[in-house]
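Peer 1: For the protein sequence lines, the chains are A and B, in the order given. Per this note's numbering: the first sequence = residues 1 to 880. Per this note's numbering: the second sequence = residues 1 to 500.
It is worth saying that the hints were derived from the structure and are not from the lab. Ideal Cβ positions, reconstructed from N, Cα and C, are used throughout, including at glycine. A portion of the hints provided could be inaccurate.
The calculated lysine to aspartate or glutamate pairs, modelled on DMTMM-like cross-linking and capped at a C-alpha distance of 25 Å, are [as the list claims (entries may be wrong)]:
1) A:K467 with A:D435
2) B:K494 with A:E130
3) A:K464 with A:E450
4) A:K470 with B:E413
5) A:K515 with A:E424
6) A:K680 with B:D393
Residues of chain B clear of chain A, computed beta-carbon distances all greater than 12 Å [stated by the list, open to error]:
7) F26
8) A50
9) A136
10) T166
11) M223
12) P229
13) T258
14) A295
15) M300
16) A362
17) F400
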Amino acid sequence: MSKSAMSLERTVVMLNEDDTQGRPLADLVKEAAKSIAPLWPISSFIARHPWMGLEGELFADAADRWQQVYGIDLYPPMTVFYTALEKGEIDPVFVERRLQSWLDKQSLPVPRHEAERLCRSFLWNDTVPEEAFSLPEMAQLAEGTQLRPMAVQPISKRLDQIAKRLDQQMIKWCKLFYDESGGTWTLPQREQGFYQAWRQLVVTDPSLSKDERKRFSGWPHDKHEALNYALEKLGIRDEDVVAYLEAHLLALPGWAGMAVWRSHRAGDEVGGLIDYLAVRLSLEWVLTAPHLPLHGEENGERRDVLPLLAAWFYWTGMTPEDWRRLRTNEQQARLAFADRFWRIDRHHLWLEAWEDTDEAKLKEAVSTRHRMSEPEQVAAQLLFCIDVRSEPFRRHLEAAGPFETYGCAGFFGLPIQTRVLDSEDVHPSCPAIVDPRHEIREVAPPEEVEPYRFRRDMFRFVSKTFKKMKQHVLAGLLLPEMSGPWLGLHTLARSAAPAWAGQVIRYTKKSVEQKPKTTLSLHYHEGDETTGLPIGLTNEEQVEYVKQLLVTIGLTSSFAPLVVVCGHGSETTNNPYASALDCGACGGVAGAFNARVFAALANLPSVRAELAKEGIVIPDETVFVAAEHITTVDELRWLEVPPLSEAAQQSFDRLKQALHDVSRQANAERMMKLPHVGGKPRDPVAEAQRRAVDWSEIRPEWGLAGNTAFFIGRRALTKGVHLDGRVFLHSYDWRDDPTGEALARIIAGPATVGQWINLQYYASTVAPHYYGSGDKTTQTVTGGIGVMQGNGSDLLAGLPWQSVVSSDRELFHFPLRLLVIIEAPSYYIERLLNENSEFRRKVENGWLRLSSIDPNSGAWMKWGDTHSLSVWSREMGIGK
Amino acid sequence: MGMEWFVWGWLVAVGIVFASAIIWLFPRMPEQYVRIHVWLLLLPGAAALAGWISAGTVEVGMWRFDTVSWLVGIYISLLSWAIQRFALRYLYGDRAYRFYFSLLTWTAFAASLTWAGGDLRLMAICWGMPLIGLVALTALKKEWGPARFVARQMALVFGISWLAVTVVAIWLGTATGEWQLASALSVDPLARLDAWEKAVMNGLLILAAIIPAGQWPFHRWLMESAVTPTPVSAIMHAGIVNAGGLLLWCFSPLFSGTGAHAALFLIAFFSILIGTGISLVHVDYKRQLVASTMAQMGVMFVQCALGVYGGAVAHLMLHGLFKATLFLQSGSVVPQVGGAGYRKAGGSWRSGMIVGALLGTAFWLFASGEPARLLSALLFGASASVAWGRLADFREGRWFGFAVVATLAFVSETVRHQFMVLFNEERAFSFVPSASFEWMVGMIFAAAALAAVWIANRRTSMLAVRLYMRFVHFGEPRPAAMETHPHYLTTYMKEGMARE
């Protein structure tokens, strides 16, 4: 290719720079961005599922596209199913049932018995056996047969080495631009935006060749213009633009997701993505220019039809003569059918069978539960987060005495942003789908704040000096001498006695800092505002939030003398994923703050007086107390205990007494599930404590791994059932919710959070390299915002490998889509589905599963299978 | 006599550790055994401690022990114990779990043997052993493309280093007719060598030393070594990269020409610049650590170039503790939500400079016995000025914090000083740099620091931008050393995840 062809001639006048195919560029980018999800920084890890924008498609169709275009499997491989089958996790009866009902619904290209034979063979064989390929004419037949054309692929992708270089370049620029680690020498011109900064620097980049750098002369300085220009130079047809951009976004979905998040934070929907794409496509053109235009035959590899042909011949008894006799469109139909079934549908059927088996077991457990006698006098009621880790703790607690537990989202319905004592940081302490509306601050008298700051800043002074020395050209060279002996001592202590040293370090920091007792800024005063949000709540808001939660969970009467509001948090050491183990409903931090706010609100006499007017009478002797459930060690810690009434005091003492054993039992149960070097530990509590502080612990706890169902209903239905820490439990009493509003709220809020969490675990398991974040031991924290693998990679979004597997050879989390179970009459469910189209879409398209339990008959009903929302599984006889 | 029993004791202890590492590989060995294995790693350390206290300098056959070798024996034993204690839980569940322990043991204790070698042939053999171990450790994740690539690259450059040492050892042995290290390096045999012979040998020694230390122009492998699991990085940065310092220390009587020292200084200084530059511009934590190692090893070689071998050995040990800890702790660098709240007052840098200058001068005046004191004074002054500068960032508690920092630094400095005294008493070194060389080195460092300040104030100037991009480029891995997503995990999934 001659050089002149590569030089950039601006022959096309770009009159309408923001316009492709008649649609504004921003719209096209927005459309393409449906394929990725925003990525929050790892410090407040938000469980989000990667396919938010795809819920309009059937799960299987999305999987088909992803598999075909990007080579990413949205299903586990067949071997995983076979292993599950061997272990009894899948009942083969369901596989057959699913196959039959699937065949019923398809328009088949061949007689049913033939299709059935082929499908069944595919279901039970991972690959087509060797001997199937032995027919000599097959290769010739395959040669002459083509399967549908490939989808749109980036030009760089078709030139393999260039794709690698392009990705490397993007990773480099992204990490430098999105860095938040507070380094000293940050990317020059960063404040001008990604594209602008890049455009100015790239011409000096020594990693590009001289020719490549030359090609930038005259390249647009405006990002919109650049993106349009690049698309044009690359020769992308208007109708392919969205697909083309999508393919580019999916090359590095993590970095692109970070661009989306940054954009959102700045209040701009796609601006950041346009920057990102403008850089990426400009670079693509510069790197690929000598190879352009690409010829048709270079459009990716041809799909191999040989195994499909072999499968037809081998399993259906068809002969090459039969095949030749078919018309081309018949051949195509057969191949397409086999192709899709082989790649997608057989996995889908196995997945459904696995889910059916799981559901059947759950149903069995619930319907055969040992009904516990209700205590006459409830000593205490405890509100826990829906989090699956609450379930074992609640179960043991209920068994230990007259204690009632409730489940609700761990932010207790408070859309607040929080500011801890003497900090400049605010944190949105509510789910990512909720926008904070108020700010609540922790306050203390100045005469206590100052000494506190003294103690705290002493530590900070030391650590900041260390950090600054590290970044100093000369001082950094002396740092090993200055800090080596101390760091060495620290390492030796942590190695000699991991548990002891870890606890001493944690205790020392806490006791020296000695945070003073704080109060919360609950009440709004005129003019109190910060970053646009009012500080504190008005009287009406206080009442409304308390009422809303109590009604939603069905706690509107029969209050016990003590009501404990339990937030939850984790305690881990040296764990970049620490916040992934905290409360997802509180924006990825511990839920203690929200628990304190809620308990304080519910204790306000003014709030109680208003509630009483609305029929919710909280007796004077009832006291709300805030506590925190530490999931890593299964402990309940008191956060704020106000003066107690006599009855409350008695309950409090009783509860405290019971907690010791509850903690031990819950830990024992949990420790059974965690892998241990050389056998189970003798003392589960000590083991849990060690895991919390041991800096070498790779799996401090399982987090939400194993989650499979989301139960919305009265606790009575699941009380005493061993749910194995796999079920989200949300309390709900349909009788208190005649309008269905509360149910709609639960579905829109907590259940959606549950679905996000579930699909994040699902995605991290089925595509651990792409939607997970890979092996923890080879990760490196990047720019303080996330992790990469090894020398550099995409900004990895999901859960690490160790969070979903017990070892490199054993899966811990079973990738099953969330089953939402609602205890309510059918018409509640119908109403819900009719009124909430988003939820209906999730159910219809298979992004979650829905069942209900009829409160009167106790019948278990399954809702919404693929296209039709119909009750069909009553006949299926699940669990019989 | 009888002192040689300490040497035998130590060798037996090392033998036990090696045997344990092999036994552990048998699948039938129960998993609990790994705990015993890890505790056994302290055995050679204990033997070395006993040897140091009781025996002092001993030579037995091919082995030679003095303060440095005993202390390094303790150091390696403690460090590999700590790292393997860490790996015990950190690597649990890995496919190559057992191999990691065996190879970590092999790598560390083979290095330990090298330090105790008193024979040229033994040195030549031992030099390659830990390097092989390191390559094998990197290759353990063989399913992962970048790891395979990096392991191959490492094998290649380490091969060069090994070859260079072997050539020097054989050449020296045959030319002097002495195989024992101490004899070959004593005055008479060395006098028999021609000047050109010495020059080439010095060149080979530099080559052999700078490769494992990742010095320019052999820094690529180090920059790309972030593919290894954290504990492997820890042992690499605490125990292998500094082997070059040992080599020069062992061969210091031969390594005596001013020209060789100047060349070593230039390479080391250049590496410090590049390493520091990379660690300043790059944002992934492990890369920052790796680049800092490159700079720190440069410091070690600058000390060697100035003839301060005691200082170099102290530096490499303290750096080992420092870097191993930072690697093992690399999971802790994610910022905490709600943790912020600094008041950036933007304190006056002038007062910091003055404090630094005063302290530096004071150090220079009082530490008259300190070798290369000008450089040390410069670094001390800079550190003091950084600490002083932090006073502007805080209000309450800052003086107390400053006092804590000062105390910690004082204790550390005492430790370092004691180390130096201990090491310097050990051997008399033939190379004493001229005062002008020392001053020149000091001035070059000062000039580099001033240039850094100048650039820091002109971030957007063309020169600064070019430099920035250059440092970014220096630190970037080659495309083959990275992968957008760790695809090998899909292979793991396809293999069924069925426990064997």
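Peer 1: Are any of the numbered hints broken by this structure? If so, which, sorted upward?
Peer 2: 1, 6, 11, 12, 14, 15, 17
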